Amino acid sequence: MATATLHLPAGAITVDVAFREEVARLSGQPLELCFQCQKCASGCYPTQEGDYTPNEIMRLIQYGARDAVFRSRTIWLCTSCETCGLRCPNGIRIAEVMDTLKQMAVERGITPAGETGPMFHNLFLNEIRATGRIHETMLMLKYKLKTGNLFADMKLGWQLFRRGKLPLLPRLKKDPAVRQIFERAGGQG
Amino acid sequence: MQYSYYPGCSLEATGVEYNLSTRAVAGALGLELVELPGWTCCGSSSAHAVNKDLTLGLAAHNIALAQQQGRDLVVPCSACYTRLSKADHQMRHDPGERARGEMLAGFSYTGEIQIYSFLEVVRVQVGMERVAQTVRQSLTGLKLACYYGCLLVRPPEVRPFDRAEDPTSLDELVAALGAEPVPWCYKTTCCGAGLSLTRPEVVEQLVARLLSAAREAGADALVSACPLCQNNLEMRRPAQEGIPVFYFTELMGLAFGLGEASGWLKKHLVDPFPLLQRFSLVG
Numbered sequence: 001m002a003t004a005t006l007h008l009p010a011g012a013i014t015v016d017v018a019f020r021e022e023v024a025r026l027s028g029q030p031l032e033l034c035f036q037c038q039k040c041a042s043g044c045y046p047t048q049e050g051d052y053t054p055n056e057i058m059r060l061i062q063y064g065a066r067d068a069v070f071r072s073r074t075i076w077l078c079t080s081c082e083t084c085g086l087r088c089p090n091g092i093r094i095a096e097v098m099d100t101l102k103q104m105a106v107e108r109g110i111t112p113a114g115e116t117g118p119m120f121h122n123l124f125l126n127e128i129r130a131t132g133r134i135h136e137t138m139l140m141l142k143y144k145l146k147t148g149n150l151f152a153d154m155k156l157g158w159q160l161f162r163r164g165k166l167p168l169l170p171r172l173k174k175d176p177a178v179r180q181i182f183e184r185a186g187g188q189g
Numbered sequence: 001m002q003y004s005y006y007p008g009c010s011l012e013a014t015g016v017e018y019n020l021s022t023r024a025v026a027g028a029l030g031l032e033l034v035e036l037p038g039w040t041c042c043g044s045s046s047a048h049a050v051n052k053d054l055t056l057g058l059a060a061h062n063i064a065l066a067q068q069q070g071r072d073l074v075v076p077c078s079a080c081y082t083r084l085s086k087a088d089h090q091m092r093h094d095p096g097e098r099a100r101g102e103m104l105a106g107f108s109y110t111g112e113i114q115i116y117s118f119l120e121v122v123r124v125q126v127g128m129e130r131v132a133q134t135v136r137q138s139l140t141g142l143k144l145a146c147y148y149g150c151l152l153v154r155p156p157e158v159r160p161f162d163r164a165e166d167p168t169s170l171d172e173l174v175a176a177l178g179a180e181p182v183p184w185c186y187k188t189t190c191c192g193a194g195l196s197l198t199r200p201e202v203v204e205q206l207v208a209r210l211l212s213a214a215r216e217a218g219a220d221a222l223v224s225a226c227p228l229c230q231n232n233l234e235m236r237r238p239a240q241e242g243i244p245v246f247y248f249t250e251l252m253g254l255a256f257g258l259g260e261a262s263g264w265l266k267k268h269l270v271d272p273f274p275l276l277q278r279f280s281l282v283g
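If you're matching them up, the sequences are chains A and B in order. Under the UniProt record's numbering, residue 189 is the last one in the first sequence; the count climbs by one each step, no gaps. Under the UniProt record's numbering, residue 283 is the last one in the second sequence; the count climbs by one each step, no gaps.
What the hints contain is simulated information worked out from the structure, not anything from laboratory work. Bear in mind the structure is a predicted one, so any value in this text is a computation, not a measurement. Any given hint could turn out to be false.
As the list claims (entries may be wrong) - Partner residues aside, some chain A positions facing chain B, computed with beta carbon under 8 Å:
(1) T79
(2) T83
(3) K102
(4) Q103
(5) T116
(6) I134
(7) L156
(8) L160
(9) R184
(10) G186
What the hints assert, rightly or not - Where chain B lies over chain A, by a calculated footprint (3+ residues, C-beta under 8 Å):
(11) 117-126
(12) 137-150
(13) 161-169
Heads up, the beta-carbon is just placed ideally off N, CA and C, and yes, glycines get one too.
Only chain A is shown next, with the shape it has when bound in the complex:
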């Protein structure tokens, strides 16, 4: 597959068309149709703290800039609220694209420095695999222990507990059907 180097203000990136085709296939979205109208970006509140706007992510995919995309903080700030896809004049469901990029990045073990999103998702899915359901108290505790940030939100946790919103005992039930789904789905989590 042909590759070339493109010199952008952000630096030199390697263009690789195969990447766009792969993301298009996995997400089922017509990525070539994005013409940078920026409607997605103007409605996107969660990713304002990110390194790229959603339309910039689309352009980087068109360029085939794998690394820039996989290392971007923006994809982990996307909450799949679907505002972008709803407004896209070309019918590109960008939330599907963001999901696909996250899935590909996790598969390759590439995440931006300091990003705890993938670790959180992993904990979350492990809870489902273990008991079939999410026990919110356990999940919060495990996340806090893993990030070493045990004291942030301590007061909040106590307030929730006092109101009976963080039960200590989960309704434990190991569900073999759920384990089978994890096996068939090829394991992450």
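Fit chain B to the known structure of chain A by using the hints.
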């Protein structure tokens, strides 16, 4: 009318008052909600971030359970509702996805059952007229900003029961209860709940903007249809911000004169009683 009921994990913990009020209000409207035996997590926002097969498989498993029961499924949590109805839509309209879902969850999809959010049941099956007839104590004077959140009405092709950009069902509902819905622009703007643990500093900005917009629109409180939004709007708000956030089912219970309503409202992190006392809605 009998339905299978899928509470979802949040409704057993941080969203417990949504669970209690939904069950009570359904009873008052003559709807029978039978908890789906053996239900498991829908995969929530984590499955689709990491694994496409898990996303479909975990949702399809619950659809399989609901199919066994032979009753339509009611899902109050917007996040669960999105995951389950999206998987159902995929399997209903795409033979390839259907085969994949059947393989992952080990069942045969018939498409016989429908999946509804509770708000959808109230709007479409019950109707606002019957809601208004059930009111014993009108919420007159209460100005409410209806906050649908992002997931409830999206994507539009999956559940076209309300408009995806400017939905109206909650507004119609609170009006039927006697309250006054205020016009505002943030009905479906994301509150960032999915990032509440991993990126609280980002979420705090989103929540502050939403709450102050509701206040500027003249609202006394917000109304939510999602346990993740309701919790997030209370947990990540600025310290000085005290505008209450109700579940729509709590307001229904209050207006229907259900005695247990004050027990639900005591579970909120932001005390809604001073506001309700001002309008003589609680003792």
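Hint check:
no. : hint    : verdict
1   : T79     : holds, 4 Å
2   : T83     : holds, 7 Å
3   : K102    : holds, 5 Å
4   : Q103    : holds, 6 Å
5   : T116    : holds, 5 Å
6   : I134    : holds, 4 Å
7   : L156    : holds, 6 Å
8   : L160    : holds, 6 Å
9   : R184    : holds, 5 Å
10  : G186    : holds, 6 Å
11  : 117-126 : holds (count 7)
12  : 137-150 : holds (count 3)
13  : 161-169 : holds (count 5)
The earlier numbered hints are all upheld by this structure, with none contradicted.
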